[in-house]
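Engineer: Just so you know, the sequences run in chain order W and A. Note that this note's numbering numbers the first sequence so that position 16 is 69, with each residue one more than the last. Note that this note's numbering numbers the second sequence so that position 106 is 107, with each residue one more than the last.
Among the hints, a few may not be true.
To be verified - Only pairs whose alpha carbons sit at most 25 Å apart, straight line, appear in this in silico SDA-like list of lysine to any residue: (1) W:Lys112 - A:Gly171; (2) W:Lys114 - W:Gln102; (3) W:Lys112 - A:Leu172; (4) W:Lys76 - A:Leu165.
I should point out that these hints are in silico values taken from the structure, not numbers from a laboratory.
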Amino acid sequence: MAVSSGLLVGSLASCGTGLAVYKTDTAGNQVKVPATLFANNDFQVIQPQNMYYNIGLKKEKDGTYTALLLRCTHADNQLTPTGNGFKCTLHGSTFDNEGQVTAGPAERPLKKYRTEVISDQIVIHLS
Amino acid sequence: MKLKTFTLSIAFLLTAVSAFAQKNINATSEDSLNNNLSKSATTIGGYGNAFYQRNNNLGTSSIDLQRFVIFTGHKFNDQISVFSELEVEDAKVTGGESGGEVSIEQAYLKFNLNPNQYLVAGLIIPRIGILNENHLPNTFNGNERNYVETFIIPTTWRELGVGLFGNINGLPLNYSAGIMNGLSSATFEHGAGLESGKFEGKNATANNLAITASLQYYQGNFKAQVSGYYGGTVGVSKRKADSLGLASGIFAAPVALAEGDIQYESHGFALRALATFVSIPNAASINRAYASNTPQTEFGAYAELGYDLLYNSTRPGKKQFIVFVRDERFNMNATIPSNGVIDGTLNQNHIVAGFTYLPIRNVAIKADVRFIHTGNQNPELVTNPNPVALPYQVNNNLVDLGVAFSF
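Generate the whole structure from the sequences, applying the supplied hints.
Structural biologist: In structure tokens:
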């Protein structure tokens, strides 16, 4: 199922698991995601091409979006979405959906990217 | 068979490296993007634990800095990193004296293939059980690691090899697969389990190999895992194996291990349970060659329930005071071959109860008591009794008090 310039794959959004993955391009240090992805979902995993980490994109209650780099702040390992947070299998750190540490050894929260909505596109600024 | 397996191994490596090389070429065109993320970085971490232990049967007490581990990692770029852990056990190693150990617990290169997959190569830790991969002492209850994942699954189990770790887009599944050097049946010792056959990166034989794989399912606060290991234990030459009456080849005199575990957390409660089974079908041949009284099968299982008394009184994830109880059962000679001798003391049940207080997540103060019950001693195995030794007692208890940390 193609959506805009990206591709929605393996979505289990209808099951409420929040594990839908959206593959997309990057351009000019930006990732663009159609806001329509959040019609029935408040969380989406974004997989920008040629990046080695996913981005967790969450729609907040006030309509803004929070973009979290899914990279463990302990040893930079990729994180696995678990439905209600993120887990690092390397040393066992866990983070909640806000990016806050819920189990160590990580001590710092996940990196957040600035986001803005322009013409029904959510723009994630990778800087 | 040997040639076929070797060819498959090489094909696996070449495919993996080829995939990585392809990705590497693609990525160079995206430097402007990756520059935002690809800062080289060296990471230092570590963990350690020390505890006092009172053995009530022996009337002895001891206190020991059991482990002090320094973790160092370096990220060359977003694709390639190196990780290592240097471990000192019992604080001090002195030449000519027993006790203490200095070892490399992990040392591997990590190649990120994409956001979902990475390869590791070097001294790697396979995903078998819970503690083998995640063994930071502030993340488990009790001063000692559970005995099932010590004597049946020989945590921390590391060998030289290559591993692939990944997860599947859109599905809450993680997987791993690896190939590494096998165990050595020549060093199997009675009562020591698979631990005695490990090489841990030191001059391992590579005539024999092992494969391992795991599958994890995550959903919210629930995790389930199954994993397996299958490897040969005869690393000597064919000529020597023939003279010992052992088969030779990559998977000769194999060890097979299967494991399954679950973990669940909710409202301050935490449950974890694990079961594992080991099969050594050619144990009789190993015993004939090395007289090690190697068993044919072993099994172990435990279940633990914990509750954080501070879960409702403070913000979750901050201070924790966990009370727990754990039931561990294992038998290191569940069945023996015709030339084996049964040892009832290797059939054990432990009840462990205590608390873990974490003033912050990465620091733990622990206290526990371990009630041990074993089968009877077999007089046939008491070949040189100490004249002042106490009679064997099937019941004992250990009282532990200690501290642990990780960073």
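Engineer: Please verify whether W:Lys114 and W:Gln102 have alpha carbons no more than 25 Å apart.
Structural biologist: 29 Å, violated
Engineer: Next pair to validate is W:Lys112 with A:Leu172; report whether the Cα-Cα distance is within 25 Å.
Structural biologist: With a Cα-Cα distance of about 21 Å, the restraint between W:Lys112 and A:Leu172 holds, given a limit of 25 Å.
Engineer: Below or equal to 25 Å on CA atoms is what counts here, so check W:Lys76 against A:Leu165.
Structural biologist: OK: W:Lys76 and A:Leu165 at ~22 Å, within 25 Å.
Engineer: For a C-alpha distance cap of 25 Å, please report whether W:Lys112 and A:Gly171 respect it.
Structural biologist: 18 Å, holds
In this structure, only the earlier hint numbered 2 is contradicted, and the remaining ones agree with it.
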